[in-house]
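**Student:** Here are the chains, one letter per residue:
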Amino acid sequence: MMKKKLQSGGLKAWLYLLPAILFLGVFLVYPLIDVFIYSFEEGYNSASQTYFGVGLYNYSYVLHDPYFLQAVKNTFILVIITVPLSTGIALLISVGLNSIKPLRNLFQTVYFLPYVTNTLAVGLVFMILFKKTAYSDGLINLLINWFGGKSVDFIDGPYWAKMFVLCFYTIWVVMPFKILILTSALSSVDQMYYNAAKVDGTSRFRTFVRITLPMISPMIFYLVITGFIGAFKAYSDVVALFGTNLNAAEMNTIVGYVYDMLYGDSGGYPSYASAAAILLFAIVLTITCINLLVRGKRRITL
Amino acid sequence: MENEMDYGRLERSARIRKKAVNALTYVLLVFWAVIVLFPFYWMILTSVKSYGAYNSEYVPKFFTLSPTMQNYVDAFTAVPLGRYLVNTTIFTVLTTALMLGVIIFAAFAFARLEFRGKNILFVLFLSLMMIPNELVIITNFVTVTNLNMRNSFPGLILPSVASVFYIYLLKENFEQIPDSLYYAAKVDGTSDLKYLFKVMIPISKPTLITVTILKVIECWNSYVWPRLITDDENYFLVSNGIQEIRENGFGRENIPAMMAAVVVISVPLVILFLIFHKKIMEGVSKGGTKG
Numbered sequence: 000m001m002k003k004k005l006q007s008g009g010l011k012a013w014l015y016l017l018p019a020i021l022f023l024g025v026f027l028v029y030p031l032i033d034v035f036i037y038s039f040e041e042g043y044n045s046a047s048q049t050y051f052g053v054g055l056y057n058y059s060y061v062l063h064d065p066y067f068l069q070a071v072k073n074t075f076i077l078v079i080i081t082v083p084l085s086t087g088i089a090l091l092i093s094v095g096l097n098s099i100k101p102l103r104n105l106f107q108t109v110y111f112l113p114y115v116t117n118t119l120a121v122g123l124v125f126m127i128l129f130k131k132t133a134y135s136d137g138l139i140n141l142l143i144n145w146f147g148g149k150s151v152d153f154i155d156g157p158y159w160a161k162m163f164v165l166c167f168y169t170i171w172v173v174m175p176f177k178i179l180i181l182t183s184a185l186s187s188v189d190q191m192y193y194n195a196a197k198v199d200g201t202s203r204f205r206t207f208v209r210i211t212l213p214m215i216s217p218m219i220f221y222l223v224i225t226g227f228i229g230a231f232k233a234y235s236d237v238v239a240l241f242g243t244n245l246n247a248a249e250m251n252t253i254v255g256y257v258y259d260m261l262y263g264d265s266g267g268y269p270s271y272a273s274a275a276a277i278l279l280f281a282i283v284l285t286i287t288c289i290n291l292l293v294r295g296k297r298r299i300t301l
Numbered sequence: 000m001e002n003e004m005d006y007g008r009l010e011r012s013a014r015i016r017k018k019a020v021n022a023l024t025y026v027l028l029v030f031w032a033v034i035v036l037f038p039f040y041w042m043i044l045t046s047v048k049s050y051g052a053y054n055s056e057y058v059p060k061f062f063t064l065s066p067t068m069q070n071y072v073d074a075f076t077a078v079p080l081g082r083y084l085v086n087t088t089i090f091t092v093l094t095t096a097l098m099l100g101v102i103i104f105a106a107f108a109f110a111r112l113e114f115r116g117k118n119i120l121f122v123l124f125l126s127l128m129m130i131p132n133e134l135v136i137i138t139n140f141v142t143v144t145n146l147n148m149r150n151s152f153p154g155l156i157l158p159s160v161a162s163v164f165y166i167y168l169l170k171e172n173f174e175q176i177p178d179s180l181y182y183a184a185k186v187d188g189t190s191d192l193k194y195l196f197k198v199m200i201p202i203s204k205p206t207l208i209t210v211t212i213l214k215v216i217e218c219w220n221s222y223v224w225p226r227l228i229t230d231d232e233n234y235f236l237v238s239n240g241i242q243e244i245r246e247n248g249f250g251r252e253n254i255p256a257m258m259a260a261v262v263v264i265s266v267p268l269v270i271l272f273l274i275f276h277k278k279i280m281e282g283v284s285k286g287g288t289k290g
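As given, the protein sequences belong to chains A and B, one line each in that order. Numbering follows numbering that gives the first Met the number 0, in which position 287 of the first sequence is assigned residue number 286; successive positions increment by one, without gaps. Numbering follows numbering that gives the first Met the number 0, in which position 283 of the second sequence is assigned residue number 282; successive positions increment by one, without gaps.
Chain A on its own, in the form it takes in the complex (with noise of 0.2 Å):
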């Protein structure tokens, strides 16, 4: 009876799993594996559906391609500008927002507004506030030139400029995320560290690098890790900013590499396409890992 009974459920437990199952799998489990296969197929023809061997070429095609140079040193440099200032800046915005009763709703919700808006569509905006065209300069250019600077061409122009637009709106896009978690770990800091600290007439300084530093560090090297990954996979505020042929504007990042070897104009390759993306993960990875290594260590000294 019991044992019937065990097995009833077991077997109904199966069939309110298998949709998930069967999605999981065909979604997830099969192209991760698939991804390997495909990345170690030489010459693999995606109509034929053949390949003459199995290999390193792949790799080797990626890493000797100069798209694909360009497209680790745009994605790196992107990744070193905006995950230190974005969740520097975070910070800042945090502890000032923490700091202050009046308004302090209102500025969060409009803090977190871009959160919600389609990337795409509000990277345009970016564009036409920063692009030079014949009949305007644009709005940026119209600032810096009361400043007594000279007009520069964001979208089009020096490599720099457009690295910076691309920064900027990064981090225009991921602040929403990090000002959240990063109020609401402040606000969860025990007031009673603060007013012991206030007790002992601590500056605001010291109290800030001893108490609440070490209380949210948790939150903000969750947030560096979070970071990391999401900027190594920057592809659509880049397209929103550059349009859709990121190589010709020297500004492709890995992830559009894959994208662009897949399908586009340069298409139809799947093997290179996932010998890139598994070189960017081997990135991720070895960079999470180093995170958490030093991480470790400091712990450790401290």
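Derived list of chain B stretches under chain A, where covered just means 3 residues or more per stretch with a C-beta under 8 Å from a C-beta of chain A:
(1) 104-110
(2) 217-227
Residues on chain B that point at chain A, a partial pick, calculated with CB under 10 Å:
(3) 38
(4) 39
(5) 58
(6) 61
(7) 100
(8) 115
(9) 244
(10) 254
(11) 258
(12) 265
(13) 268
Computed list of chain A residues with no C-beta within reach of chain B, every gap over 12 Å:
(14) 65
(15) 157
(16) 211
Quick caveat, the hints were computed from the structure, so don't treat them as lab data. Note that CB positions come from ideal geometry on N, CA and C, so glycine has one too.
Since the structure of chain A is already known, use the hints to place chain B on it.
**Tutor:** Leaving out everything else, chain B in the frame of chain A:
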């Protein structure tokens, strides 16, 4: 006497410093608020400037005295913006509905039913959370192409109906419901399915609403997969639509009409946000990822 004066001065200078820090804080906060809001202001402003007025402004104006709705008319007539919106709505509603079905049943099985291998399976599920989308999208593209589902709604929808994270979230929620309720229902002869629909789902409504909103936002903004899988304009979603408008729509120069399209695309989510901002922010801080 002298000491007292010193204290007074110290106190005053401390108060002044506190006020200065406070003022500086507000300046910083207002400054960031301006950076956040300005692009929205600029897109609305540009969308109501007439084509001629916009193009004659070498120095862009910060306001307009003669707003026009013509750009919105153009956005719906010159390019198939209406179709993009309908497509995105269909895609969003179907994906979200299917996903809710999948995750509710899976979470129910994990939270309520006993079966062999449950713990191992759950750990396997959790480990799937670490698989990045970019790795699996290549094969999915090939799979969907081979199934002849390019430029179709099933091809757009099916790969994103299962979400491990939401199964996890909902399972945790289901487990909060006391066992005694379940046993009471069993004694009354209620079937599992009925118990799920009459008791568990109503109790977990707040979580389900949060999950729904987050998924709707994700669907509305999704770009990469739709771009790979559709090249027929009849199946474009708004993100691809706006990209298409930018590259081939209105002619490159009609920026006011482009901004009108951007406003139309952004409005539904901004309204959703204004209504549900508490829920959305709560849900994202619980387990959103974007950043």
